[in-house]
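J.: Read off the chains here:
Number of protein chains: 4
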Amino acid sequence: MAEPSYDVAHLGHVELYSDCFEESLDFFTRIYGLTESGREGDSVYLRAFDDYEFHTLKLTRHHTTGVGHVGYRAASPEALARRVEIIEGMGCGIGWVDGDMGHGRAYQFQDPDGHIFELYFDTVDYIAPEKERSALKNIAQRYHGRGVSPRRLDHLNLLAADVGAIRDFMTKALGSRVTEQILLDNGRLGGCWFTVNNKTYDIAYTEDHGGGHARFHHVTYAVDQREDVLRAADIFLENGVHIETGPHKHAVQGTFFLYVWEPAGNRVEVANSGARLILNPDWKPITWTETERKKGQAWGLKTIDTFHTHGTPPIATDH
Amino acid sequence: MAEPSYDVAHLGHVELYSDCFEESLDFFTRIYGLTESGREGDSVYLRAFDDYEFHTLKLTRHHTTGVGHVGYRAASPEALARRVEIIEGMGCGIGWVDGDMGHGRAYQFQDPDGHIFELYFDTVDYIAPEKERSALKNIAQRYHGRGVSPRRLDHLNLLAADVGAIRDFMTKALGSRVTEQILLDNGRLGGCWFTVNNKTYDIAYTEDHGGGHARFHHVTYAVDQREDVLRAADIFLENGVHIETGPHKHAVQGTFFLYVWEPAGNRVEVANSGARLILNPDWKPITWTETERKKGQAWGLKTIDTFHTHGTPPIATDH
Amino acid sequence: MAEPSYDVAHLGHVELYSDCFEESLDFFTRIYGLTESGREGDSVYLRAFDDYEFHTLKLTRHHTTGVGHVGYRAASPEALARRVEIIEGMGCGIGWVDGDMGHGRAYQFQDPDGHIFELYFDTVDYIAPEKERSALKNIAQRYHGRGVSPRRLDHLNLLAADVGAIRDFMTKALGSRVTEQILLDNGRLGGCWFTVNNKTYDIAYTEDHGGGHARFHHVTYAVDQREDVLRAADIFLENGVHIETGPHKHAVQGTFFLYVWEPAGNRVEVANSGARLILNPDWKPITWTETERKKGQAWGLKTIDTFHTHGTPPIATDH
Amino acid sequence: MAEPSYDVAHLGHVELYSDCFEESLDFFTRIYGLTESGREGDSVYLRAFDDYEFHTLKLTRHHTTGVGHVGYRAASPEALARRVEIIEGMGCGIGWVDGDMGHGRAYQFQDPDGHIFELYFDTVDYIAPEKERSALKNIAQRYHGRGVSPRRLDHLNLLAADVGAIRDFMTKALGSRVTEQILLDNGRLGGCWFTVNNKTYDIAYTEDHGGGHARFHHVTYAVDQREDVLRAADIFLENGVHIETGPHKHAVQGTFFLYVWEPAGNRVEVANSGARLILNPDWKPITWTETERKKGQAWGLKTIDTFHTHGTPPIATDH
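Residue numbers (the UniProt record's numbering), protein chains in the order written: chain W, 1 to 319; chain S, 1 to 319; chain C, 1 to 319; chain A, 1 to 319.
This is chain W alone, in the form it adopts within the complex (with noise of 0.2 angstroms):
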């Protein structure tokens, strides 16, 4: 059995699309409590309080809605010329950009259902503007309290026509780790739980049911405590964001979550882990049969239809 790899160090920044750009990015700063730090021809670069780069998600004004790409950071320089070199030999590497406002050069590759993602060791530091800074010092920014205001960025959803194809991909590609997997009667994967580091993932692929391709399901930050997950819940309610469902805590990962679509009809996430990792280096992947998921979250909700359904962009079997 060969070394885990430890070349990919974390999920460092999604980009989202958005259709009506004005009003995701009031959703995202006055209502989600993320922080502008720039902003640069269509895109406003948007940061938790206490991510420690320049940003975590980017959004840009688009015809239409979904993920631009997604940003992994390396170890280290070398792990990052070794993972590209990896990436290349498995034919599905785009070639090197030279970053943007929130990074350096990275390496830009494709998975099999057609997702953008970039990797890069080169980055950006945050640095608190002094209206900005901590009274703690260990924090990248201060905690402002302005709406849901959640700690970090957790985690993404994409959907796949393939996602046993994803999982190849994903674990050769980044050297993630399978962490929970869905395994459907048919024998296909309905999803799966990737993790680079001691999260218990950084990146869930599901099945996409709608025929469409290089779509987003979600994308998640991290709050400290379950009530804030409640409290989130109230801000939502009171600001009129369609709630879709939560909170409640899901089987697969035990994560307590709430899911929101934002103006544009990206579906965004908030959740709460506790204190669980994945400290094992061996961990076996947790495998869910089909008739176990039938049975809803952790505490019995079933799971919603458009929780299927609904993806970003739209697609014509969504109607």
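Keep in mind that the hints were calculated from the coordinates and are not lab data.
Be aware that one or more of the hints could be misleading.
Repeated chains share a single entry, so a pair holds when one copy, or any two copies, can fit it.
Once the Cα atoms are required to be at most 25 angstroms apart in a straight line, the calculated DSS-like pairs of lysine-lysine come out as [what the hints assert, rightly or not]: (1) K172 - K302; (2) K294 - K284; (3) K131 - K295; (4) K284 - K172; (5) K294 - K137; (6) K172 - K131; (7) K295 - K284; (8) K172 - K295.
Fit chains S, C and A to the given chain W structure using the hints.
T.: Leaving out everything else, chains S, C and A in the frame of chain W:
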């Protein structure tokens, strides 16, 4: 700059000595909420409900209190071999032991202050007996809700005469990274927090002002929510456990904490770190000055005197 | 407008029937976390840790499930006399009984649907035996932390064929105030929430669609924090208790709730109301329309079907 | 024994003086999270989101700090008349005033220490303007989540030279019940907690060691959860507010508390009582001895010195 090391996966277990064994065992099981997974000789093996290994606390009947040894698990057999070579080269190695009920062969060594460590890869996964099996298959053992009922081992705090020497030692021997430290006005390190993974720390050392050696400050298990720490305070109160300080929030590391003394006098903490993790592979250590530390904890609580004087085993200067 | 009445101090206790008594008793003590304070004949007297009276739940072995009787405590002997005179004048009185282990003589009467009530002033204060004495002298019994461990009895929900008739009855007989109600499109009351004090409600009635009489919907104990409700969900999950719905926040009354069925089928709730109280002496009832209620609970959870159909004892139409 | 009185419904509002008005107003609105509902003359009227009346805090520009007056609402016009008759008979009445923006005519009187009280029934209900209307019709105003954002006014603490005299006064004048008290070794009352309803207390008096008169100790608003208190601590920390002590749990009344000083120096508390209520109509006061109080708060925190010395307005002996 060298690449960060990921040879060591995580803190595995702590052996604690008790000179009033039965009372200590009652504390750890009935009040603190650990579960006994085995006993052999003078030791009982204990675990939190979601520790994946057989045990994380080995409680041993002894003529005094303090720490027996500290175990870390390597990321792979190859990583273990690499580390042993480094440690032997440092001249602090002791040698291989066969392991005990909780894990396989382990390499023992000691830190400059005389604390005994061991590093192992072969371990014993906890297999829950029927009545301890969780309704959720991704949890090691059912959440029994007995006493404080923490989720998993979190970290350890040891005392050392020369914390600066420890910093050199830990970063070389285990490849640990320093996440935070206290730099005293006299130029000495007053405290240093280390991690081998994404946790903000798995071990901390603070200066032993008492002239002792190889002494123990505290061991900590993590609960999922700050509310669990508050609830723990009531459980300790109602069971007559000595609450030393807290609940409050640390300035260093931002952890929400509560310290008590188990019946034999060893300090035990309950803590919650929220969603805070060290994801940055080139994290620069946060350095606190003596002046900053004199401000007290995050919300102003003054550090209690015994926190600086009480360690186990006790020494003459405690009197 | 008449002055508000304060003759009735609070809901005192509920007698619940079980046709699988031992399992129900195990549920209420080991899992739900009540304490047995006495037993006599076919009944066991149970209490939450901070109920000031001897008992708040009388669990009685019976050939079926449902509610035996409901007890309210009057504010004074004079207030009790005033209420009895009014109730006798309403023609629904039954007469005086001697009381049981938990209180002194009581006047019994019935509501229009046939539920038995009793009103009493002389009561038995709970005197904690040594091992149940709290470290805090202002708490009735120590916080034992066993199972859900709620603080006190909160409220009761009964079913009735004609909720409008109940509204007239409760406001006259007990001097209860209506705090919230559901007005159906057909002009009938679908539900009505009553209080005799500053609690937002101590009893609720909802329409029995099944053609039954004197049936029971649920009994609720209050926990201090919403986190206790979430923790209760895990305790129920790990103990195989049927979770019907929740945790979620009610739109009506804003309570954070969780509903389960105890082994005999009686519905039991765990709830937290936060700091919400009815302090206004001339509070105007909040009226919810059928359309408003169809939106589901506060954060959008749809009301589960069994919530409208399952009552105890069961009736033929439940099938 | 006389029947308990329910003539007085609840604590209505507090008038607080500030000698740095703009800073105080900024604190109460932006940081503490109250909402301005009107201003007139030297005063701004403030409210928590679920206070049902127009205001609960009247902040008045003044040459010093401290309390202007305290308002209680009667349960009915008849109850108001009964109380005024009693108070006039006690010889401490001042007379009727027209009321202000927040309520109608009120009867003023003073306690033995010189604090001004008023009793009123006619009030002004808060009518939320469109943008402040909650998504839930049973809440007075939307939960805005700005700053600490407490739910409602909870209680007040005043200083008095002779707490024993206050006990006689409050029980006679308002019909308040004593729920807890501190009996000093010298036979004097060190503190006394009163309630007119089911809350565990709506006013407390503690002994003024400074030789002052009519001084103010603190005002408290209630949040729904203890987590809200912890979150408040971070908000205060990040906004440079002086945190005096807490968060911690009081031994007396068991409330989870946090004390800060607003910019003018008036002490302000954030608190949560959980589900604790005084439902017993013949509750016997809990008496704490000086020895018991020296143990500190519930979990052992020592009472901070300023808690005994700092009141507003300051007096010479504070120096």
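J.: Could you place K284 and K172 in one of the four classes (within, between, both, neither) given a Cα distance threshold of 25 angstroms?
T.: Within. Shortest intra-copy distance 17 angstroms satisfies the 25 angstroms Cα cut-off; inter-copy 30 angstroms does not.
J.: Using 25 angstroms as the alpha carbon limit, work out where K172 and K302 are close: within a copy, between copies, both or neither.
T.: neither (34 angstroms within a copy, 43 angstroms between copies)
J.: First find the shortest C-alpha distance between K294 and K284 inside one copy, then the shortest across copies, and answer within, between, both or neither for a cut-off of 25 angstroms.
T.: within (23 angstroms within a copy, 44 angstroms between copies)
J.: At 25 angstroms max between alpha carbons, let me know whether K172 reaches K295 within a copy, between copies, both or neither.
T.: For K172 and K295, neither the intra-copy (33 angstroms) nor the inter-copy (46 angstroms) Cα distance is at most 25 angstroms.
J.: Within, between, both or neither: how does the pair K131, K295 come out at a Cα-Cα threshold of 25 angstroms?
T.: between (49 angstroms within a copy, 21 angstroms between copies)
J.: Checking an output row: K295 and K284, CA cutoff 25 angstroms. Within, between, both or neither?
T.: within (23 angstroms within a copy, 42 angstroms between copies)
J.: Reference check for the pair K172 and K131, CA-CA at most 25 angstroms: within, between, both, or neither?
T.: neither (43 angstroms within a copy, 39 angstroms between copies)
J.: For K294 vs K137, is the C-alpha pair at or below 25 angstroms within one copy, between two copies, both, or neither?
T.: Between copies only: 15 angstroms across chains, 46 angstroms inside a chain, cut-off 25 angstroms.
Checked against the numbered hints given earlier, the structure breaks hints 1, 6, 8 and satisfies all the rest.
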